[in-house]
Every structure is written in structure tokens, then in C-alpha cells.
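So the protein lines, in turn, are chains S and U. Quick note: the first sequence uses the working numbering, first residue 294, plus one each step. Quick note: the second sequence uses the working numbering, first residue 294, plus one each step.
Note that these hints are calculated values from the structure, not bench results. Because the structure is a prediction, the values reported are computed rather than measured. Be a bit skeptical, because a hint or two may be false.
Intra- or inter-copy, both count: the list cannot distinguish identical chains.
Subject to a maximum C-alpha distance of 30 angstroms in a straight line, what follows is the list of computed DSSO-like cross-link-like pairs (lysine-lysine) [stated by the list, open to error]:
(1) Lys-673 with Lys-630
(2) Lys-406 with Lys-320
(3) Lys-555 with Lys-320
(4) Lys-460 with Lys-555
(5) Lys-320 with Lys-461
(6) Lys-673 with Lys-346
(7) Lys-673 with Lys-375
(8) Lys-406 with Lys-673
(9) Lys-460 with Lys-673
(10) Lys-673 with Lys-555
(11) Lys-375 with Lys-555
(12) Lys-320 with Lys-630
(13) Lys-555 with Lys-406
(14) Lys-320 with Lys-673
(15) Lys-630 with Lys-460
Number of protein chains: 2
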Amino acid sequence: MESLTGYKEKPCAASDVVFRMFCSQHKGYTVYASERILEPDDPTFAEMLRGRKVLLVTTPTVARLYGSLVNDLAERQSLSVKTLILPCRENMKSLELVGDICSAALACELDRKGLLVALGGGVCSDLVTLAASLIRRGINYIRVPTTLIGQVDAGVGIKGAINFGGKKSFLGAFYPPEAVLIDPTFLQTLPVAHLRYGMAEIIKIALICDAELFSLVADHSARLLRSGFQDPFACSRRVLTLAAARMLEELQANPYEDQSYKRLVDLGHTFSPAIEAASSYAFHHGEAVAIDLAMSATISAELGLLAEAERETIIAALIAAGLPIFTELVSEQLCLKALRDIALHRAGSMNLVIPVGIGRAIFLEHEDELPLAVLRRSLKRLAQESREMENAESAFCAYG
Amino acid sequence: MESLTGYKEKPCAASDVVFRMFCSQHKGYTVYASERILEPDDPTFAEMLRGRKVLLVTTPTVARLYGSLVNDLAERQSLSVKTLILPCRENMKSLELVGDICSAALACELDRKGLLVALGGGVCSDLVTLAASLIRRGINYIRVPTTLIGQVDAGVGIKGAINFGGKKSFLGAFYPPEAVLIDPTFLQTLPVAHLRYGMAEIIKIALICDAELFSLVADHSARLLRSGFQDPFACSRRVLTLAAARMLEELQANPYEDQSYKRLVDLGHTFSPAIEAASSYAFHHGEAVAIDLAMSATISAELGLLAEAERETIIAALIAAGLPIFTELVSEQLCLKALRDIALHRAGSMNLVIPVGIGRAIFLEHEDELPLAVLRRSLKRLAQESREMENAESAFCAYG
């Protein structure tokens, strides 16, 4: 695979360094992109596991699709790999499942040099991150995200969280992995809906800081979605490595979230938690983010900070990716409550991120920077556009 | 209280800075010594809690002795403090009890600026450290150790651990507190046996790096033990602050134990885990450490590295503190197995710490530096001395 982000180094054959993350004085890790890491003769993944006791945690779906490849790889390369299959659903993200991983680690006698591997989506990664942080006061682990969101968004970062006592993400840890391996061929088997959710996060990061990435996604989303993100090939790989690298650049400045409550990657993440909750989580996170992006762009345009043509481009990109731009659940009340709630998490400031160009975003720090009339006009406009689209049997459901 | 370690700074009235610990780029904390922090008019503790939601975790014994003082302080100073009483016994150090703290934190709506307080011994501190590291991906906590070991040894550090699946300390975290408050008046109510266990750790740290501390303990241990560590007053306070400061100096270089497996504070901690286990934990950790110290000193003397007179001084100090210097459980086999086991935890090296003077210690890195004949002579000698002591109804049980 050619290097798409300009890095030349080849620590493992056929793999590219996407990013080197530095989290603190002693901890850092590398994110690699590599094709077909489960092929029995591919050295990339195998070399990371060689000579270590490994507990690989995965999901029933991934085990069904890739379990035999994992077993073949372990056998062919004489690796010591035990596999634990966990029901990695959002509502199962519990301390009990973390305990299950710890029990399995104890049963296969993982020592301080042992290794956990998270082969799956966000929930699998969350559980493994937390278990790795606890076992023997912290052992190494590797993230191998198999979803698009996992490969381009939080999955390449250092956070893990579980739900507790009915409270989402109440317990967790900031705990850097030893490495992240992005293998785009996993996306071939990902349901198209999940590809769309990932697209929302890619559009988010592109809007913040990368116009080239935005164009790639906007121009090719239909083919990417139809092909399980394999076609056009060069575009697919460049989108993935750019998106992951840009996300990591943004995280780099504040990996433990103790330096600032102004994070550009919060674009699309101010109204979306309220939308998810209001839908009783019928809306997926990625869909809620898409609606939030449409709102943020519209607010920016209504404030005169984003050119109308650029707003149109953003809305068109969301629609082309098969993402929603509005829902009737989004009321003025919901928005105001979301802004108040989010301020509690951002040390009292609203810090609403809005795009002011393709690849450039700013903060609206305080409530008075967002007049109620602007919010009302923005909601009305999106509701109108959304209705028109539905009437025209729009692209909303084109890939359903 | 006069400053005993030369620090002048007074961040809180009537409290002294014992040590400032730096754990990583962003994290650090201060260890304070302060008298009677639960007095309703004392500002030290109260100022740390003011304006924050606080969950104080403590033990049934500490609650019985000091619960009303905590309540009076909270009321008099208008503090928001909820108390959780947990059965903090070694065999209860479980993920379930950590979960109990998290549930209580959720019930009293601790936010990201909320605070946990560990008011108790090592087990309480372990549980709170782990809960604080998990809640909302890490909230602040304060350690208020009420035992001598807690005030001079690991209790002033950053580690927490729980037992899991029958395995001691299998899960845990390195997670720095916001502050440590050492209040020597808590020791007035500590059983004398627990004072002795703390003495073993003080003698350990003194042997590594502080001849003055060693003399203070060796000369005054009887009075210190009889008085609940209150008399001689100046000696008591100097012993406590010196011991804590020296321990922290040693931890400072390698707080996350990822820099080196050669730690001088492992003096007394090579044979002792095997002794504790062989006694089915009838021997307390502090007693096992004392026996290990006697063995290490004797091995050093037999190797010609420690003067015989200094060895006598060390053995006498242990005896004066009412600590054992030998047990029939210590066989040649036990010692050899302990050395092999410990090498697994020290990256393959034995790294046996032995004193070569009062306040100076070195490592025996490899097995061939400890000839079997030397080990045998050392064990024989201690067995003989121990028998003579028992026959003479020695000081072994003087404070029993």
C-alpha cells in the first residue's frame, strides 16, 4: 500500500504509519494502516502478537465472519492466542462484562507482558480498554477496529467507558493502547447503515480541518457506500488515513481532556446527545451527529459566518451519504436544553462549534452569541428542506 | 506544629508540606502533615472539601471512633459530605465493593468536580483509588490514612489494587490523589500490633536511606508503641514526616513502575510474600517484612558487606519494636522459590535488596551473587538467635 499521508516508515511489512500519538511523558502509541492483517502469511498483526500470551476479545458477528481467519493465523504463525466472544451491544457495556474479560485474562494466565486485543467496534474497544487498564494495574492492548467509526473516530483514541447504574459512560478510563491497526478490508462486511454512521464522523472532521478530505467524501460517497468502502480504492484509503490522522491531530493537544473544554471535534456533538436521547436511541449516534452538523452549518449561515454556497455543499454531502439532516424531534426547547446541559460538561461555557468554511470551524462560546431568532430560523429552514426532500423521495433512503 | 522537614510553606493553617510528588506531565500532588484535622474549627481538611460534593468512604471502626467528629465538622463548616461505611477487610477488596463506591457516587450525584475521600487504612485507600480512577474517567480523591502503614508507606503513594478471582491484587490502577493528609493523632486509637507493622516499614525505609530516622526509631520504639505514637512528641512527628518523605523520594523516580525493576523500597519485600502465603496470612505483612529485613541484613553480614555491629543494631531495632526476626516456616526451599518467583516480577532479575550500612542498601542482581552456603548459614544463624530469644522470654512478645 502506498503511503497516503506522507509517512515513509515501514515498521511492519505492508503497513503504513498513520499517526504517532503522544499522550504523556511515558506513554505513546502508533496508529498503522494495513491491508488484510488476518491473511495467514501477513506479518503485520502476527509480529505484534508473537512471543506473548494474547487474549483476543471480539463480538459474535466478527467471530462468525473472521474467527476462522484468526485461528488459521494463530496456527500458521504459532501464536498463543485465546479468543473471548462477548455480546458487545451498547446496553451490555457493563462492569460485569469488563469482569468477564478480567476472568478470562486470569484463566489464560496473562502476565504483565500479556496482551489484550480488541477486534470489533466501539463497544468491544470500550470494554477492552477498561479491562486492560485494570489488569495488573495496566497491561498492554491493541485496538483493531472493524467498523468505520472505529477506524476514523474515537476508536483510534485512548478513551474507554461503560454504563453504570443506568448512567451512560459513568465509569471509564483514559488508557492509551500499544497500537491501533486500521485494516480497511474489514469494512467490506460492514452493513451499509454503519458505513453511513462513520461517514457522519468523517464529514465532521473534514469540516473542522481538511477541505481535501471533505471533497473526497462529498464526491465519492455513493460508490464508497455501495462497495463496502473499497471503491474507488485509492480514494477509500486516502479518506481513511486522512480522517484518522486528522482526528488524532485534534486529540493530540488534549488527550486526557484536562487542558481545555474547547474541542473542535465537538462539532456535531452538542445537539446530538439530546437527539439520541429524545429518540430513545432509535437514532444512531452517527445519524444524530449528521443532524447536528446540518444545524451547526445552518446556524453559521444564518449568522452570516458561512457562505450559503458552502452550506449547500455541506447539506448535499450529508444527503449524498444517506444521512438525515433533520428530525421533528428537534424543537427549540430541545436545543436550548441541550445547550444548557452541554455547558455543564464544558466548564460553564456553551462552546458550540460551527463551520465557517469547508475545513474551518470556530466556537460560539457564550449563549448571547446565538440569538434565539437565529436558532428559530435555522430550525425552520431545515424542517422545510427536510419536508421538501421527503416529498421528492430524496436521497435520504437511497441506500436503505 | 513546627516544620520538621525544613519546609516553610503553609498552604493550610497548621499544616506542613511533607512532600510534593510529581507523577507525570500534568499530575502531581502534595502530602501534608497536620494535627487534629477533624477538630470542628480546624481549616485544613475543611478547606479542601469546601464548595464540593464529597463522598467520604470509611470503615466501621473508623466510623465508630471518628464518625461524629466528621459529622460535626461538616455541619459546623457547612460542607456537603456524604459518608459510606464499607467493610474494608483484605478479603473484601473486591470489584463489588468498588462498584458500591461508584453506586454511592452516582446516588449523591458526584460530578466531574466531585471528590472522594478515603478515611481509613490500606484497604479503604485501595478501594477509593480504584473507584476514583473509574468514575467519569477519573475524579479527584484525597487520602487520609488512619494507620501507621498508611501514613508512612504505600498509603502516601498512587497505587490501588483489589483481589479478583482468588488472585491477590490482580486488578488495580496507578492513580494519583489530589492530596494526602497525614494526621498523627489518628494513631492514638490504633491497636499496638498495627503500630508494630508500621514500624517494620519505617525501619525498611530508614535502612535504605536515612540513618537519623533509624536512630530515632531504634532509640524510642518502646515509648512510641506505648503511647499510640504520641510520645516523645517531637520524635513521633519527625519519624512520621521523615519516613513519608523518604518513601515518596524513592517512589518519585518511578511512580508508575515502568522505568525500572530495581527499587530500593523492595528491601524486605522479596521473601515476605512467600512468608505471608506460607503462614496462610496468619503473619501480617508487617511481620513478614520484619523477618525479611532480618534475613537480608544477615545475608549481607555473611557476605561481608554489612558490619557485624550494624547487623546487631538492625536485629535489636526489630526486636525492640516487638517484631519477629524469624519463623520456622522459612526454609531453604521457601527462600529459593521466593527468589525465583520474584524474578518473574522483576523482568528476570533477582534484585534482592540488602543493607550494607544503616541508611545504605544495594542490589544482588543475579542468583550467583547469593551462594547457597551463605543463604544456609544466614537461615541457621537466625533460627539459632530466635530460639535463644524465645528461651530467654525475649522482647518478642513484650508489647503483645
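So, against the hints stated earlier in the document, which numbers end up violated here? 6, 7, 8, 9, 11, 12 and 14
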